[in-house]
Amino acid sequence: MTRWAMVVDLRRCVGCQTCTAACKLSNGTTVDVQWRKVLDMETGEFPDVRRSFVPVGCMHCEDPPCVEVCPTTATRKRDDGIVTMDYDVCIGCAHCVLACPYQARYKVTKPKYGYGEASQHEVENFDPAKIGVAQKCTFCVDRIDDGRKKGLIPGVDPEATPACVNSCISDALSFGDLDDPDSKVSKLVESSKTFRMHEELGTGPGVYYIWGAGS
Amino acid sequence: MMKSVNKDDIKTYDTYCYQCVSGPEIVTVTVKNGVATQISPCHRAGEVHPGGGKACVKAFGLIQKTYNPHRLTTPMKRTNPKKGRNEDPGFVPVSWDEALDIVAEKFKSVRAKGALDESGYPRLAASLGGGGTPLSYAGTLSALFAAWGGPIDFSFGSGQGVKCTHSEHLYGELWHRGFTVCPDTPNTKFVISFGASTETASGVCGVKRHADARVAGMKRVQVEPHLSVTGGCATEWVPIKPKTDAAMLFALVNVVVHENARNRLDLAFLKDRTSSPYLVAPNGFYIRDPDSEKPLIWDEATASAVPYDTEGAKPALEGSFTVSGIETGADAETWTHNNVECKTAFQVMLDQMKQYTPEWAGEICGVDVRKIRALANEYLDNAGIGKTIEIDGQILPLRPVAITLGKTVNNGWGGYECCWARTMMACLVGALEVPGGLLGTTVRVNHSARDRRLSVEPGPDGLMYFPFNPTDKEKWVSDPDQRHAGRMLVPLVGNSGWSPALGPTSLAWAAQIDGSQAKMPEMTIPEIWVTFRTNPVVSYWNTDKLADAVAKFPFIVDFAYCHDETNHFADILLPEGTDLESTQITRIGGTKFVESFWRHQGFAVRQAAIEPLGDVRDITWISTEIAKRAGILEAYNTAINKGALSVPLRTKVYDFSLDPTKEHSVDEIWDAACRAASAEVTKGEESDGLDYFKEHGYRVSPFPQVNWYLTPTLIEKGLRYELPYQERLLRIGAELGNRLHEKGINWWDKQLKEYQAIPTWHNFPGIWEDALEEAFDCKIGDYPFWLMTARSMQYSWGANAGIQMIKEVADNIAGHDGFIMNTGRARELGIKDGDMVEISSPNGQVVTGAAVLRQGIRPDCMLMLAQFNHWKTPLAKDFNNMPSMNRLIPMLQDTIDATGSGADLVRVQIKPAGGSR
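First to last, the sequence lines map onto chains A and B.
Take 1 as the starting number for the first sequence in my numbering and just add one per residue.
Take 1 as the starting number for the second sequence in my numbering and just add one per residue.
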C-alpha cells in the first residue's frame, strides 16, 4: 500500500510564505485563497514568549470529516490517502468547509483577481471549474499521478512532488510514502518527536509536525 | 535551460532572481502561450547552488510583477513644469524617439558645460536601489555612466548608510574584509545574535544553512527589543533596550577576560595573528623602533622590547614594560621616549573593559545580569580552543562560536563599539575567519569582490593594507566630489566604485533640504538625476521634506516600472523590461553578501522569457540608444569592452571585444559578454556565447570552501588582524580633525569623537533623545516609545509594495498589516488589537496605523516593518493600516556617526485615532 503524507519540521520553518506563494501560482488559486499557508503563532507572555511558524493546509485525513458530510461524493479519499475534490460533482453546499476542523477549505463564488480585471497570467492560470465549489490542497495530486506514470517518485523527484515542498527554502516540508519505511517521511517520523494537529478528533491527519529530535 | 515540453505552447526558461542582496537565485519560468505563468525552483541548479536551486517568496511574485496592469508600458514625458507632491505631473505617452532625443539632448547640453558645476559638484547624479542588486538588472547602464566621461554624484541614497549594516560594512571590511559578516553556520555551534535578521534577510542560502544548523544542534540566542521572525527561529529570546547592545557586548568581553582563566583564550591567535602585543606609548600611539619605525613588542625570551616581526620573539600579551623608542602621532608628530611605561595593546583593552561588568550592563540593557554572564561563559564553553577540522585537505582551527549584529545595532552611534566588541570576542578565542567562527563574506571598499582573499596585501606595521582616504595635509580631499562629501569626511569609505554609496548619504539630502554646511561649497542641485529601481522619496527619512527637495530637481529621468513617489517628480519615464523581459548575465557564487557562500563561482543569465509588454524595452537597448544619440557611443562601447558588464571583453587570454565605433544589438553585446564569461570560467578553453547560457542557465567553476576563510591567507602573508587597538583610526581621526579645523569646519566635531583606539561606552540611546529634544524643543518623556523597524523577507529590497500577491501572503506574518506594540502596554492604554492609532514624532509628523498586539516586544517599544507610506504607487498607496517610520525620522546630524551612518530609530507618542482595521 501507499500512504502519501507530508512532514513539517517546525524547527526549520521560518514563516517566509514561499510555499504559500508557490502553491498559489502552481494551483492558480484566486486572491485570498491559500490552500497552503504558514501561521505566525505566539505563546507565552512578555518576556517569556515563543514565536512559531506553522504551515497548514488540508491534512488529508485518514477519516476526513469533509468526506463524511459531502452529500454528492465530490470529496473522496483515495486508497493512497489523498483526499480529492471532484469539481464536476460538487454542488457548492459548503458543508465540508464547515466540517473541516483545520479550516483548510475554501469556496469561491466568483473569480477575484489581483488588480480587479484578470491579468494575462491569471487568464492562463484560471480554472473555471473551481468557481462555486469547494476547493482545497490536493497534495498536487496531478503532479503525483503524472509523475508516477513517468516512473518518478513523489517526494524525491520534483516533477512528481507537491509545489509547496519543492519550493520550501528551509527544507521544512517533506513529502512521501509513509508506508515505505525507506522514504524520507518515514525516516523523519521514525527519528523525530512529532504530533499531528487536533489528533484528539480522531481524523488521522496525513501531516506530521516535527517538534524535536527523537530520543 | 530552454526545453520544449509541448512544442505548441509551453516552454521553460532558466533565469535569475536577484531582487535582494542575498541572491542571486536561479529560477525556472514556465511560459504558456507566450505568457509567463509559473515560477519554480531550478532544481538542477542545486548541484551548484547552496540553497538547492530554490528561490524565496519574492521570486514567485515576478509573474504578477510582470503583468501588473499598473505598469508603464510606453515612454512618457511630463507636461506640467511645476513639480510638487500635489501637482499633477501631466504625464503623456510619447514615442521612444522623442523620449530618447530629449534625454540625449539634455545629456549633450549638460555635458558640454563640463562634468562639474560651479561648486565642484557633478552635474549628473544617479541613484540605484539598495545593496547594489539593481546593477544585475541594469544591463549596460553602467557603461552609459562610464561614457559620461566625468564624475557622477551617487550620494542621493535611497537608504544606503541608514538602513544597511553600515558600521559592519566599513569596520568589518577594515578588520577582516567583512563588508557583511556572519557565522560559518555549517560548522558553528553557538551564536549570539544581536538583532541580526537572518531568517528574513540572509536569503535562501542563509535560511537553509541556519535550518540545517538548528537541526544539527546549533544554539542561537537572539538579543533584540522585539521577538522578530529570526528571534522566533532562535533557541532563546533576550529582550534588550534599544541601542544598548554595546553595553552588553562590552560586558561579554568583560566576563571572558576578567572572570575566566587566560588559558581559556586562544593565546597563540592573539599573540601571532592580532596586534595585541604591540606596545602603546604615552600619547596613545605605538612605541616604535627608532630605526625601522616598526611597532615594538615585549619579548619574554630576552626580556626586551623588539620589533613586532622579530624572529623567535615570544611576545608578552599583557603587562606594562619600561621601553625606549619613538612614537608617531597625527601629521607625523613624533615623540622620543626613554624608559617610559608602555602597556601592551591587549593590556589597554583589559583595563578599559574592566569597568563594564555584567552588573553595570544589566541595568543599562534591561537584561538579567545572570543571563549576560551565562552567555559569555557559554560562548567560551563552545569555543573549543585547540580543536581542528579538515577543509579541502587543509587542517584548520575549528572555533564554532560567533556573534552577529543586526542593522539598527551596527548603524549609527554605537555601531563602531558593537562591531569592535563582537570582532574582539572572536579574536579572544581565535574564532575570526576560521571554520565555525565569524566570517566576512565580501569586500566593496577593497578589491577584488570576486575573491576577498586577493585584497589581503601587506600594509604598515604588519597589518592588512586598507585604502583609507588620505587625511594628510597634502592629499586630503578638501573639496567634496560628491554632495555627501564622503571622501572628505569619512576616510574609511575609500575610493572604490562603491565608495560614493557608502558616504553619509543623509548629508546630501539634508543639504538639499537645509542648504550647505558652513565652509562648504554652495550646495547645488544636480542638473540631471537618473533613477533606476529606487524610490528614495518614501524609502529614506524625513520623506515629506525630501520630496520637496526632489521637486526642485530640474530634470529627472526614471527607468520606470509604474508610477511611484519618486518618478512623480520625473520629466521622462523610460519603461524598461522587468526581470522576465530582458537579457544580461551576472556573477554568481564565490562568497557574497550575508551568507552566500558557494563552492562554485561563475555567471548566470537573465533571459527574456517573454516578449516585453507594450512598448517596454530592454535597458541595454535604451542605454545604447542614449549613448548613440548623445554622441558617446564609442566611449560606451569602450567601457563595455573594458568590463562594465562585470567581465572584460578582452584580456590576454581572449578577445571578444566589440567594434567601439558601431552600434550593437542587445544580443550582440550580451553574446560577447557570455563568450568572455565562458572563457573566464574555463580559463580560456571555451568561448560559448549567449545561446549556451540560454540553454544551460549558468556556467561555473569550483570555488574551494577553504577560500571562505581569510586567516590562512593572513598566515601565508605573515599579517595580523588590527585588534584590539585602533592606532590607525586614532591617527586618522586626529588628522581629519586637523584638516577640518584648518578649513574652519567644526560641525563634524561630534563625529570625530568616534575615532578611539579602544571604544568606550557612551549613552547611545541618550544621543537620540538629546538630539530630538534639542532639535524640536520637546520633552523626550512625552514620547515614551522607541520606534524601530525590522526586515520583511517578502518586501525587503524587492520593490514589491505594489504586488498584490506579495501583500496577500506577507499579511500572514504579524506586523504586515499594522504596527506592533506590546499587548500589556496596549491594554493599559485602552488600545485593542486592530485599533487605528496616531503615531507622532518630535519632528511634528504623524502617521496612522492599525495596532497589532503581540507579547513579543518590550513595552517601551513599537515596531513598523519595512518601508511603506506610499502615496502614489498603485495598490501600495491604499495600505491604510500600514504606517512607515520614514516620515517620523528627522535627518539630524547629531544622530549620524563618524562613518556617516544613522539608525532607524526615533521616539514617538501615540493616541487613538478612532475606528479599527
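Source of the hints: derived by calculation from the structure; they are not laboratory data.
Built from N, CA and C at the ideal position, the CB exists for glycine as well.
Among the hints, erroneous ones may be present.
One-sided and incomplete, this derived list gives chain A residues near chain B with beta-carbon spacing under 7 Å [as the list claims (entries may be wrong)]:
#1 R11
#2 A21
#3 V49
#4 G114
Evaluated hints:
1. R11: 5 Å, holds
2. A21: 4 Å, holds
3. V49: 4 Å, holds
4. G114: Interface hint status for G114/A: holds (4 Å vs cutoff 7 Å).
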